[in-house]
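A.B. asks: Once you've looked at the hints, dock chain A against the given chain C.
2 protein chains.
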Amino acid sequence: VKVMLGVDIGGTKVAVGAVTREGEIRGKVMTAWTDISGPEGFVRSVVEVLREAEADLDGDILGIGLGCAGTVDWDRGAIIESPNLPIAQEPLRGLVVQALGLPTVLDNDANVAAFAEARVGAARGARHVIMLTLGTGVGGGIVLDGRIFRGASGSAGELGHTIVMGGQDPCMCGRRGCLEAYASGTALERYARQITDGGPPGPSGVALETAEGSLGRNDSEEADYGRALRELREQGRLDGEAVGLLALEGDSAAREAVAEVSRWLGMGLANFANIFNPEVLVVGGGLSTLGELLLAPARDLMRQMAIKPNGELARVEVAMLGNQAGVVGAGLLAWQELGPGV
Amino acid sequence: VKVMLGVDIGGTKVAVGAVTREGEIRGKVMTAWTDISGPEGFVRSVVEVLREAEADLDGDILGIGLGCAGTVDWDRGAIIESPNLPIAQEPLRGLVVQALGLPTVLDNDANVAAFAEARVGAARGARHVIMLTLGTGVGGGIVLDGRIFRGASGSAGELGHTIVMGGQDPCMCGRRGCLEAYASGTALERYARQITDGGPPGPSGVALETAEGSLGRNDSEEADYGRALRELREQGRLDGEAVGLLALEGDSAAREAVAEVSRWLGMGLANFANIFNPEVLVVGGGLSTLGELLLAPARDLMRQMAIKPNGELARVEVAMLGNQAGVVGAGLLAWQELGPGV
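Protein sequence lines correspond, in order, to chains C and A. For the first sequence, the residue numbers in my numbering are 38 to 379. For the second sequence, the residue numbers in my numbering are 38 to 379.
Watch out, some of these pointers could steer you wrong.
Which copy? The list can't say, so a pair holds if one copy fits it or any two copies do.
Taking lysine to any residue pairs in the SDA-like style, the calculated list, with each CA pair at most 25 Å apart, reads [what the hints assert, rightly or not]:
id: 1; residue 1: K345; residue 2: L181
id: 2; residue 1: K50; residue 2: P76
id: 3; residue 1: K65; residue 2: L139
It should be emphasised that the hints constitute simulated quantities derived from the structure, not laboratory data.
Here chain C stands alone, though its shape is the one from the complex (with noise of 0.2 Å):
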């Protein structure tokens, strides 16, 4: 059997696995540490784990994607900047030619998760897909006429650092107001914070009485509001994870921290909704475990806030593919790009 194979480089693990051109993973998915001390170790550790997959196989190879975190050149097939990657400026493509001998293409992570989806997952069958991938920080990827829409250079698709509060909460990126600031798993732990500091969550520095009416928040008089946060607090346990748990559990504080993130991820879909009119707006990444709690509110104000042909065609699913989405992204953008010769 032909297959290509997905590689999903994150910031700490890479993934490998055999893809076949419907999109479906032969075999097991192996997968290593990367070793980010430079970039020499660092490719020789993709490269490791490339030849590992390869001896393993039975099928024959005809090709690598490659999918990683980072800013990418698609013309260089290098990684201009990435936030922990050991590898910017490398010609990452071109070492991974010379050492395995294949055709190979790299793209961004996201990207290549928001094709996977567009071909196979959540938004199977759509044209114009947009996704957003929460965790961390918030990635972006865009597929227009079911191929990855990459701009001039390679870099479009940088969704999670559009502005959608001008000037306000300072985001990882360094700048101000970036819708990773306010709906990523960071922004929820922030949100969390500012509930046991007895505030509501949401932008600081703004005068919440001008803003939309609000979703979901509460009075906060009963006796227990926020006393779990508190208590995650205490231990040094707040994060992201710990208050999406929570609110999956009932608690009503940690409920209101993911109805602020609900919030802007409304708003944020309801901007892609308007510029892209999409089919499907698929939300992927940790948060997204959260399912319809995080989802449900979104959808609404998304609706609210595009216009309206946008809004009522918009669909806004929970990713499919999980954390297999990079390597069958990768693998299927490695048949569309290096298929035809093949």
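C.D. replies: Relative to the frame of chain C, chain A by itself:
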């Protein structure tokens, strides 16, 4: 000579010109007032000027391109909703085909203006072009790979109604925090009013001390500061155009109001640079007559706020085609969509 009729249907006037395959206007552009008393009168007024243009021309008219204000349903050839025209849900394209017997396409006016600038205007030669039209409101047009991007049902590109200040100032669309509420002629007037009220221009209800370093705000200590704006206001003549003229004459308070528009324009441009990674961002519409007074600070802020490769790559240009963009773009669109068969 073979031509397409390019038709620019605005809120008050319709303009028709004969457009060559190269995007040149042959002969003169005919204009007429649109009858906005109702759908029938409206269509009649459009058809009449089309008939006049047809009679007046000695070239071969191969087809018609209509650019019309409002949200377009591309497949139906209809305007779904329009702020000013009594044409919602009417099958405008079909009615024109019926009356003139010529193949016809219908698109949004901001889309065709962007197409004109991308093909023969300020962004000539670029593959990916985003255009913002700053007038009373903010229109948007998206050209990707040399073609207008319309999304799933024809209403992509509502760039003026992307949220840049979630939950804050009301927009004409009834929602809050849209780019249009901060970077339009209407916003310019509001900023001038805020200055005459003795305050700084900007979003209401927001603690500005948390904002980015402001652009060109001064200490407002000159005795004369704001006097010209106050006089305009007393005379009931304070609007975006008057503030713009004062700013061009050097009035420092008017310039402060313009600087606030620049600031939000810069953030909007940064968002579209991050999303699309385009070669060119074009700024047109009435406010673009302010030229570099508006654009220079917006360009600087765009470069600061966009991710590095996208901010460095994107050129920010003033629209070149002025009020001919609609006619030229509608004609060129007819060539692109209808041309191969004629």
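A.B. asks: Hints first: check each against the structure and report whether it holds.
C.D. replies: For each hint, the structure was consulted:
no.	hint	verdict
1	K345 to L181	both (21 Å within a copy, 24 Å between copies)
2	K50 to P76	within (15 Å within a copy, 62 Å between copies)
3	K65 to L139	within (21 Å within a copy, 60 Å between copies)
Hint check: no violations occur; every hint is consistent with the structure.
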